[in-house]
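Please build the complete structure, drawing on both the sequences and the hints.
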Amino acid sequence: MSTCPIVPGCYCCFKVPFKPVTHVIFDLDGTILDTETMDFKIFRELAKKYGGKLTEEVYGGVLGTNEDIACKKIVNDLNLDVEPEVFQAEYVDMVVQECPTAAFMPGVEQVVKALYKNEVPMAVATSSTQTTIDAKFSQKKEFFDMFHHVVSGNSDPEVLRGKPNPHIHYVACRRFPKRPYRQQCLVFEDSFNGVVAARRAGMQVVMIPTPETSYFKWRYATLRLDCIDHFIPELFGLPPFDPPIVPSGGKGGAGGAGGAPLSC
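Per numbering that gives the first Met the number 0, the sequence shown starts with residue 0, numbered consecutively.
Keep in mind the hints are simulated off the structure, nothing from the lab. Treat the hints loosely; a few may be bogus.
Simulated DEER-style distance windows between Cβ atoms [claimed, not checked]:
| no. | residue 1 | residue 2 | range |
| --- | --- | --- | --- |
| 1 | K72 | Y219 | 15 to 23 Å |
| 2 | A88 | F143 | 36 to 44 Å |
| 3 | Q182 | P99 | 34 to 42 Å |
| 4 | R178 | R199 | 17 to 25 Å |
| 5 | V85 | S247 | 34 to 42 Å |
| 6 | R173 | A88 | 26 to 34 Å |
| 7 | G50 | R199 | 17 to 25 Å |
| 8 | Y180 | D92 | 35 to 43 Å |
| 9 | A88 | P238 | 39 to 47 Å |
| 10 | G236 | K52 | 30 to 38 Å |
| 11 | Y180 | F143 | 32 to 40 Å |
| 12 | M145 | K52 | 37 to 45 Å |
Idealized CB from N, CA, C, for every residue including glycine.
As structure tokens, this is what we get:
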């Protein structure tokens, strides 16, 4: 893997061409909403309350996993003096209080609106519980109405196992009205567990790592971008953005969308 010679701000195995897609699936936390810094703060406060110290390494290991699994792993790994169920209940209460005002990740509003304008079907596949999903959506209903459906890896009975298992993406794919083949879905993710889940589902995945995830090996991703607004839809056979999206300042420079069709 190396810096792409064609698209600035893009990191990919440019010897392997991207495949056309028709549908898009987004992760929620750290991909659409800037909630993972908040999550780390909450987990750290709770860990301290029960006699432990949360490290970035432990937190990084649970990014993208279901809330119950994440809470149980943190309690067990840090040997905290609390039952996982109690720890999770306190975590959910704190998230519900803080997350309604969470900001969008840079560029994501523009990309989602452009895909919606181009009539690209979209869904959300998140490891959050339905309770925290409702809180996160509460002040952003108009934005999330652009998605056909939302799948909770923690609350949906059809999701047998959460990320890094692929089941959540199977469910998200088959709930589109005109069900695509799994390989026709493109996934946007920020976490290693989410990337692995999408790849196991047979889908291409664009990784946009946050500071909490950037130290992970991302070689499993189809493509990595420093910011989602560097995304060029034509690379995956999607309609160009019109007007083009001006990159908002990710590290990689202008990878402008809406230009001539390209392939890596």
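Going through the hints against the structure:
1. Between K72 and Y219 the CB atoms are about 21 Å apart, so this pair conforms to the stated range of 15 to 23 Å.
2. Separated by about 25 Å at the C-beta atoms, A88 and F143 break the suggested range of 36 to 44 Å.
3. The beta-carbon spacing between Q182 and P99, approximately 36 Å, falls within the hinted interval of 34 to 42 Å.
4. The beta-carbon spacing between R178 and R199, approximately 19 Å, falls within the hinted interval of 17 to 25 Å.
5. The hinted range of 34 to 42 Å is satisfied by V85 and S247, whose Cβ atoms lie roughly 40 Å apart.
6. As the Cβ distance of R173 to A88 is approximately 32 Å, the hint placing it in 26 to 34 Å holds.
7. Roughly 36 Å separates the CB atoms of G50 and R199, a value that falls outside the hinted 17 to 25 Å.
8. For the pair Y180 and D92, the supplied restraint of 35 to 43 Å holds, since their beta-carbon distance comes to about 41 Å.
9. For A88 and P238, the Cβ-Cβ distance of about 45 Å falls inside the hinted range of 39 to 47 Å, so the restraint holds.
10. The hinted window of 30 to 38 Å between G236 and K52 is violated, with their beta carbons roughly 47 Å apart.
11. For the pair Y180 and F143, the beta carbons lie near 26 Å from each other, so the given range of 32 to 40 Å is not met.
12. Between M145 and K52 the beta carbons are some 40 Å apart, a value that agrees with the proposed interval 37 to 45 Å.
Violated hints, in rising order: 2, 7, 10 and 11; the structure is consistent with all others.
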